[in-house]
Amino acid sequence: MTHLTLSNITKQFAGSTAVENFNLQVEKGEFVSFLGPSGCGKTTTLRMIAGFEIPTTGTVKIDDIDITDKAPNQRNVGMVFQAYALFPNMTVAQNIGYGLRIRKESKSAIKKTVEEMLALIHLEQKGNSYPHQLSGGQQQRVALARALAIHPQVLLLDEPLSALDAKIRVSLRAEIRAIQRKLGITAIYVTHDQEEALSISDRIVVMLDGKIEQVGTPFEIYNFPQTAFVASFVGTLNTTTAEVVDPGKQLLLMEGIQLETAEGLDGKQKGDKVSIAIRPERFNFIAQERKANILDCQIENITFLGSVVRIQVLVGSNRFYMDTFNNPFLELPKIGDKAQVTCSREAVLVLKA
Amino acid sequence: MRRGNKVWSWFIMIIGILYFFLPLVATFIFSLKAKLGVLSFKAYSNIFADPAFVSNFSYSVLWAVLTIVVGILLFVPTAFLIRLKVPQFRAAVEFITLLPFVVPAIVFVFGLVRTFSQPPLLIVNSPALLVAGYTVLSMPYMYRAVDTGLRSIDVRTLTEAGQSLGAGWGSILFDIILPNIRVAILSGAFLSFAIVIGELVLAQYLAKPAFAPYMALSIQNRAYEPAAMAIVSFALTWAAMGIISLVGRGGGQAQVGGGH
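If you read the protein sequences in the order shown, they are chains Y and L. Just so it is clear: in the first sequence, position 110 is 110 by our numbering, and no numbers are missing. Just so it is clear: in the second sequence, position 140 is 1140 by our numbering, and no numbers are missing.
Certain hints may be false.
Said to hold, decoys possible - With a cut-off of at most 30 Å between alpha-carbon atoms, the simulated DSS-like pairs for lysine-lysine come out as follows:
#1 1085/L to 70/Y
#2 273/Y to 167/Y
#3 211/Y to 1085/L
What the hints contain is simulated information worked out from the structure, not anything from laboratory work.
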């Protein structure tokens, strides 16, 4: 059942368009991330859901009720901010209970909810502490508890982990996801960190210049990017152009090398140029004879990345990356060696733009 | 070279301290000489025994308290809304808040008298005009203190956090903003207090009872009591400053964010 609906949302600021024709339907309990570079409109879209910005055109609906023009304090939407935004004059317990106090709930009900929330974020002992006495990670957990205490219909998270260091970021994102799953709450998460979006989301909305580039599951976004931007923004990708040789047989030619793709080339004519992309991990050194997708190359560089070894190869005039698992018993080629690499036809992605 | 700098720093600091304290010490010693040949607090007992002193000083305290209340009610929401909604007007408002420094008090008071001594606003005899005038005179201190306090917290994010939790403007202002700029408001309040206690021109020309006109009158008739009054007013101002620092230390100013 659709829980949150954004229809034809456009937002303009003094002549410039921050968000353009944004359409999205979010299911109840779904965790959706808005992913994109700075200035792509992801935070503006989130702020329109929260009510801090009013769309120039379009509507925001929760459970089919139009909330586009409702004030932020009249929407039941919880928000977690990048800068924590805990009230410095209140203790942790008072912060968590503030929304309930505003709703004039009884003292006992507030106390009960605050205790539940403190247990949920594993900070039972910190109820009487002030925000400045907590670490950044603890403060953000309190901010999450405060947003959840009001039992919001939608939880919005605006780059909540970007002020934290890497280790805490990884552990806290897992905690956020676990809490969201436990409560079954619909969540919208804004991030510019593709790894974060891939690891935490049910679906990802990739945005650029105020527009949606692609909506899909992390698996779809990573493995089947539809545009050159998505391909380049999410993970490492080798991109180049190729010429359509036979649209029916899905054959392409890249600098004299014939490539087969699994993707349809509908609408393409022989001789058309297309953008193609291949993930580094989809390349292999040729172990057995193959008929297609054989790329003669020269090893240019080898970089050890821990569990992965990244090999830079020169194919014609194209520099490609190839990732292979670090296996201490596998003999790697040396820099300057000639080699042949290959990839499956499914690995050759034809991009839309 | 560094040693030379240090000597100069001390020298300049001592000159500054002497410049500030010598007149004060001289005034204090003079105020103790009311009794011939001995140092005593006679001048002080005289002024505290004078019903006119108590009455005028009480009026000044009343005007100061009313000025502070009006100032808080006027300048806190103004500074808050300007910071939140129309930050582009900040420079213009800051300029306006400095006008009391530019316009002499005598010009200001004649402006008040001319404007409010005729219909439709015939309030020249009302204490409200005096309080309004004091509010204008204390504006540079109160507004700037509040604005500095607001600068120390993330007003926008705290406001939005409050809104997302269901709070209206009143709750945001009283529950979230005011407590976090408490020290700044206190600073502005005590500075306003000091301004009102020492202000002569407004009360004199609007013919209202106050401490400064009483003191000015005393200077013409008595020798030691005005010196004692000057010391008393200094002591009160310093006590006010002491309270600011105590409250600031005890309550703790707002801290947004923190370590990771």
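Verification of the hints:
| no. | hint | verdict |
| --- | --- | --- |
| 1 | 1085/L to 70/Y | holds (18 Å) |
| 2 | 273/Y to 167/Y | violated (44 Å) |
| 3 | 211/Y to 1085/L | holds (28 Å) |
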